[in-house]
Amino acid sequence: MDFFDNHKKLFTTAAAFFIGLTLLVAVIPAFETDKINQPLPGAVPLSPAAQRGKALYVANGCIACHTQQVRNVDMDKVWGKRPSVAADYAMDRRPDLWHNTATLMGSERTGPDLTNIGNRQPSKDWNLVHLFNPRAVVKESVMPAYPWLFIYKDNPAKTDIIVNVPAAFMEGKTGKYVATKKAMDLLAYLQSLKQVELPDGTTAPEFLYKKAAAKTETGAGGASADGAALYTANCQSCHQASGEGLPGAFPPLKGSSVVTGDNLELYVGIIMNGYTGREKEGFGPMPNVGTTANLSPDEVTAIINHERTSWGNSAPEVKVEDVKRFMEAAKLSAGQ
Amino acid sequence: MVLWYLGCATFWLLLGTTVGEYLGIKFVAPDADSVAWLSFGRLRPVHTNAVFWGWCSLAMLGLANYVVPRVGNTKLASYKMGWWALILINLTVVAGSLCLMAGINNAGGEYREYIWPVMLPFAIALVLSLINFLNTVARRKTTEIYIANWYIIAAIIFTIVIALVAYLPWWQNGLGETIAQGYYMHQGVGMWFMLFTLGVVYYFLPQQLNKPIYSYSLGILAFWTQILFYTLIGSHHFVFSPIPWWLQTVAIVGSMGMAIPVIAGTTNFLMTFKGGWHKVSGSYTLPFFIVGIIFYFTGSMQGTAEAFRTTNLYWHFTDFTVAHSHLTMYGIICFFMWAGIYALVPRLTGKEPPQILVGAHFWLALIGLMFYTVPLMYGSTLKGMLWMQGKPFIDGVVLMAPYWVWRAVGGSLMWLSHLFFAYNFYRMVVKRKEVSVAATAIKKLNPSLNQSL
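Residue numbers (our numbering), protein chains in the order written: chain A, 1 to 336; chain B, 337 to 789.
Just so you know, the hints here were simulated from the structure itself, not pulled from any lab data.
Every residue, glycine too, gets a C-beta built ideally from N, C-alpha and C.
The following residues of chain B were derived to be distant from chain A, with all beta-carbon distances above 12 Å:
1. SER414
2. VAL430
3. LEU464
4. GLN543
5. PRO623
6. LEU718
7. LEU755
Listed next, the stretches of chain B that the computed footprint assigns to chain A, with coverage defined by at least 3 CB atoms under 8 Å from CB atoms of chain A:
8. 489-496
9. 502-516
10. 725-733
Listing some non-contacts, in silico: residues in chain A with all C-beta distances to chain B over 12 Å:
11. THR159
12. GLY248
13. SER310
So here's chain A without its partners, still in its complex pose:
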């Protein structure tokens, strides 16, 4: 056949076929989304420090293990309040002539999703220790350590930002590690990663593939949730599996008067709204973990009862009804 035997016709046809399909599935859709893409009204542009932090995020290949997309499936609920929408990426643009727009969505989740990390883990202390060596706060972590973002000083100046490195990771040194500008930039970027509220009147896309049915068995205090697992997921990275916290950064729950005491209102309030009451003792502020993670009264009760009965704590268990009442109160006080 002439067509098959004429290399010009053959390869021109193949190329045209391929280019046509390419336009249809890549170039045109990309153009279209670009045209209609606007950031959400509540979105805040990155600060200069966060901008530099984002460049570090790209340079060090963080994208290889961390995604920034909450898929519209039920299992991704732990990473954000709503599924990601196109507008969330509208401000991600080409930074300069040499680099392309950052591939933020990622394709591997060897580490946790970071879409909402600025809300989920805003603590400066935690993030710096974690960057210095992730295993200082999460024993099982396989994330690389970034010691070159920190400098060792025997006598740090007052203006230096000291990192609370646990003794086991100091290799016998007696001075302090202080954060470099790069570490602070990266921290600024991580802290800037917050899911923006959709404007009033807009409904978020639904989470699909919902779990079939809730468990029916009821555990401690009438709560049906698994307190130990919830503790691991929401509390452990700071307060540690041992409940002992991290000296100089995160207070212990073991033997804590709030955990074992009778002031349930305070206890629930701390979980839902965060806490700054122990900053004078050198402990960082606690973020509003319960609200960020959208914990239900059942789940909060399970966590509280887990904490009240672990690591040698032996306080009586609390009831879902009480927790629910104080959660509503906490919601009101947060709104004020």
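We have chain A already, so just place chain B on it with the hints.
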């Protein structure tokens, strides 16, 4: 010149997989070093890009520099262009690897981590190769263009298009970048490596079996359906993401459509084998072809299976993807490349590698690949189930620990096999003292045969 291509490719294989092996170890011992240039995030793209652009691409182009003129019964149009392409590609991989380690990364998108000035020499090399091959085809002495050249030349044309889509900036803000990335990463593997390699196989497999290809028509069918379906499937890497829902659906349908070219290709290769199976035991190239064909079928079908929405729940974001990419890039592309190299180099040099060492290469690579991928697939399926149950994230990390050890073990075996391969390549190329009777006789009888290709 072909030997130089293959030699450079072998070098990048060794270097790229040494890096890969080290990365695998880092999953088991994350504090193995604390040097910025060697940190995981920076080295990972060094590994992938070195084996992609350094090893596979040079091996493919090296073999093609032989196949393209050969099937047209003519000579390569320009050796000069060939040499330039080789130099430019090496330049890209050297500069790219150093840049990545220094923290100069395009945007983090997989396989386009090299910034554009670094990727530019590679693109020029592609254009040079295209011109050279087209000129070679234009002066062919046969009427028809053999199917191998359809695949090879189309792959180069398509890859130039793909590179342009990936590196031109005008449609890449916000979500546009994601769409371009999905397109690029999958067209890169499917239209560059897979299409090109199929072309190489269409030459070497019949040649090694000393039989014609079973069906020319099946080859043509696979060619056009591959273009039709493969081009559509890039977005299946972003299922459930905010990119348009219809685009995700198109990608999933396209992934299902890929069954047609894959089945056509596999049938064609296996039917070519028919009646020639007895030759397998006496050949050290045919086992590589068989493994490549098996993984071509299973690996590609696995890709289709991964694209569905339900399977995405289990497997997306896990190490399943890593296992899949190794089953395909390694199981298909690398095994076919080795088959081609073992078939071609002894013809060019008249020197054969020691059979026992080829065997060692083959079995270590195959067993290593199995140790690498099977535990990863099993572990990551369990991990996906943990995620779906809403278990704490760290539980998944703890769960994967033993499977990551297996992966490192498998990776070590694969790496070891490459040492054998490199030695075999050395034995096939470098002159040895003992005189080969046959080669000397041929040399005396026909001095013109002695020119190096």
